[in-house]
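Got chain A sorted already, so can you dock chain B onto it with the hints?
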Amino acid sequence: MSLSKETSVPSGPAASAVGRQSEASGCPATPSLSVQNLTVEFRTPEGTVRAVDGVSFDVHAGETVALVGESGCGKTMSALAVLGLVPAPAGHIAGGRITCEGRELVGLSNRKLRKIRGSLVSMVFQEPASSLNPVFTVGQQIAGVLRAHDGTLSRRAAKDRAVELLVSVGVPDAAVRARDYPHQWSGGMCQRALIAMAIANRPRVLIADEPTTALDVTIQAQVLDVLDVARRETGAATLLITHDLGVVAEMADRVVVMYAGRVVETATVAEIFHAPRHPYTLGLMASLPRLDSDVRRLVPIPGHPPHLHRIPPGCPFHPRCHLRQGRSVCVEQAPSLLEVERGPRRSACHFQHEMSAEVAVLAEQMGADPTVITTP
Amino acid sequence: MSSASPPQGNVSAVESTQPEALDPILEVEDLAVHFFARSRLTRRSASPLKAVDGVSFSLAAGKTLGLVGESGCGKSTTALAVMRLVDPTAGRILFHGKDLGGYSRNQLRDVRRGIQMVFQDPHASLDPRMRVGASIAEPLQIHHLGDRDAVRARVIELLEMVGMDRVHADRFPHQFSGGQLQRVGIARALALDPQVLVLDEPVSALDVSIQAQIITLLQDLQAELGLAYLFISHDLSVVRHVCDRVAVMYLGRIVEQGERDGIYRRASHPYTQSLLSAVPRPDPRRRGAARRIVLTGDLPNAVSPPSGCHFRTRCWKAEQRCAEVSPELVDRLGNGNRAACHFAETLS
Chain A
589 MSLSKETSVP SGPAASAVGR QSEASGCPAT PSLSVQNLTV EFRTPEGTVR
639 AVDGVSFDVH AGETVALVGE SGCGKTMSAL AVLGLVPAPA GHIAGGRITC
689 EGRELVGLSN RKLRKIRGSL VSMVFQEPAS SLNPVFTVGQ QIAGVLRAHD
739 GTLSRRAAKD RAVELLVSVG VPDAAVRARD YPHQWSGGMC QRALIAMAIA
789 NRPRVLIADE PTTALDVTIQ AQVLDVLDVA RRETGAATLL ITHDLGVVAE
839 MADRVVVMYA GRVVETATVA EIFHAPRHPY TLGLMASLPR LDSDVRRLVP
889 IPGHPPHLHR IPPGCPFHPR CHLRQGRSVC VEQAPSLLEV ERGPRRSACH
939 FQHEMSAEVA VLAEQMGADP TVITTP
Chain B
66 MSSASPPQGN VSAVESTQPE ALDPILEVED LAVHFFARSR LTRRSASPLK
116 AVDGVSFSLA AGKTLGLVGE SGCGKSTTAL AVMRLVDPTA GRILFHGKDL
166 GGYSRNQLRD VRRGIQMVFQ DPHASLDPRM RVGASIAEPL QIHHLGDRDA
216 VRARVIELLE MVGMDRVHAD RFPHQFSGGQ LQRVGIARAL ALDPQVLVLD
266 EPVSALDVSI QAQIITLLQD LQAELGLAYL FISHDLSVVR HVCDRVAVMY
316 LGRIVEQGER DGIYRRASHP YTQSLLSAVP RPDPRRRGAA RRIVLTGDLP
366 NAVSPPSGCH FRTRCWKAEQ RCAEVSPELV DRLGNGNRAA CHFAETLS
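Protein chains in written order, with the working numbering: chain A, 589 to 964; chain B, 66 to 413.
For reference, chain A alone in the conformation it holds in the complex (with noise of 0.2 Å):
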């Protein structure tokens, strides 16, 4: 039983020197993904629509990078094109650029998508039971995924491999564990041995997507600290998809926050929870129970996400925007992603320099201390 904030889980085996390095050495240049004006279309019987339409966003090395938004906003479509695994053929990557590392992935054929899945680039997935093969076990499952990108290794090296990855996400019993089917795992676990296949091959990118939503809070904690480990280890760049603000809270770097398809706002953390410069990401904030601080009235958003087939014409959020007030720019003309402040930020509203002043009016119609949605 842990009683520290330090983690429950062992260090793994092979602590990856050049991961230290670049988490020391700050944001390197080259950012370890670039996603460029992506679009991502789907053909359905009323007509295309575009579910990601010119999002861009970089990760480094060693940086953890939450894209946020609501179901529909295209998050997670948004990290299926990068593994590019867009469910076709109805769905497509009509534009834009993803580079990893350097190498365009945009327009790879599938053997060499393959070849990069999993090793260049890994993924968890937020169903921990259903992701795994129910007909083998947990180790052989992770010894796999090893020898898939090594044809080098022999398979008793391989399952010693994934018995120390075992170890490496804090399953108690690894070796033994490693023989068990899925179906005798419990869902954390699972996610663990998820997290263990995702690291297996020392990716550059891990791309989590809502890796502890379908887990209770108490196995949530343990399987964030378990990501966090990896990520240190690994030195990876981390892109976290989630709809949750405490784990994005605790975990993320930068913020990348989507709606209707497209990047509203981009900041750091501390910058998107305590001085947010777009209108959803605040209503998001004023919408959220806290739990320890006092808000007399959440102030919720009205009206609910477009669906895309009917993406509103200019600013999509200009339906549900309390900053609005009627301006007809709003409805007439899309705004583009622009700095804020000349800072590295970018929100995508015309009226981001009325900001400060909209936080302080929702911060009074919660009844909130003002510090819970602004800066101190």
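Warning: the hint list may mix true and false statements.
To spell it out: a stretch of chain A is covered by chain B in this simulated footprint if at least three of its residues, at any positions, have a beta carbon under 8 Å from a beta carbon of chain B; those stretches are [said to hold, decoys possible]:
#	segment
1	805-816
2	847-853
3	874-886
4	889-902
Stretches of chain B that chain A covers, calculated by requiring three or more beta carbons in the stretch to come under 8 Å of a beta carbon on chain A [stated by the list, open to error]:
#	segment
5	171-182
6	200-209
7	345-354
Because the hints were derived from the structure by calculation, they are not lab data. C-beta atoms are modelled at their ideal positions from N, C-alpha and C, and glycine is treated no differently.
The following block gives chain B in isolation, referenced to the frame of chain A:
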């Protein structure tokens, strides 16, 4: 039908027996729900799964009691037993002081007018082939409350109460978003003018902006109609925001119970403490500042729970005594929280 129809039938004057709640509308005493799995081979029943094992609480009119815990702790089974959708193995459920235990189906029908339920998944809890207006009207028709026009008028009134429009009555569930469907579910639950709503994870399936809409709607309805809520959730932040009192469950038992602020500020059961410490805070400034108690291991099998205190296998305080003696749910520290722990103490 009129929205002000008084409670009928088996409702009598309130008899307050418990000092902690001034006006208990719903009391649950030593509730147990055991499921018996039978071996096909031997035809003998194995040991029962004690989904709910001696749970007691009371709910006051106009107040909200939160029932929190992780999956498999028995919170939803408790809700189903209160609704008599599963039959309790033991214990009493008193509504307005009357024990529902001996009631027949017909008698229960009257009582159910007073206690209604809202389910977690609005897509699954509404019939996809019925227009939502018909779904809302169904309870009124079952209870023969008014003619066609009166029912129609009441449906529209209910839709407007939950922030929807009369034109929505003629649409089908697939034409709505999850948040709108949950509003419909609430409207249906309100149709019979209940005094108690059992809300089983009512906002868990919803996105955060929609979740806030439903939470504020529930709060407004409570203020307006004086409803009592039994609010079941795994989300400790939501429970803190909506509840007056909180009961924390673990493996079929309540491990700690008290006023909201008492639970959140002075939790004295190790399980409550670990739960609260594990919730990720939406405040990056706090990162690393809080001491997080990471529990080892998983929930034990509910068919063969640990002896004595159920939590002892994951507890850092466990001693021999915890395996031998099941701790009573009592206020050991005199701070208003009742905790089922031999070593209850607040974290400094």
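Under the constraints set out in the numbered hints, which ones does this structure not fulfil?
Hint check: 2, 5, 6 fail, others pass.
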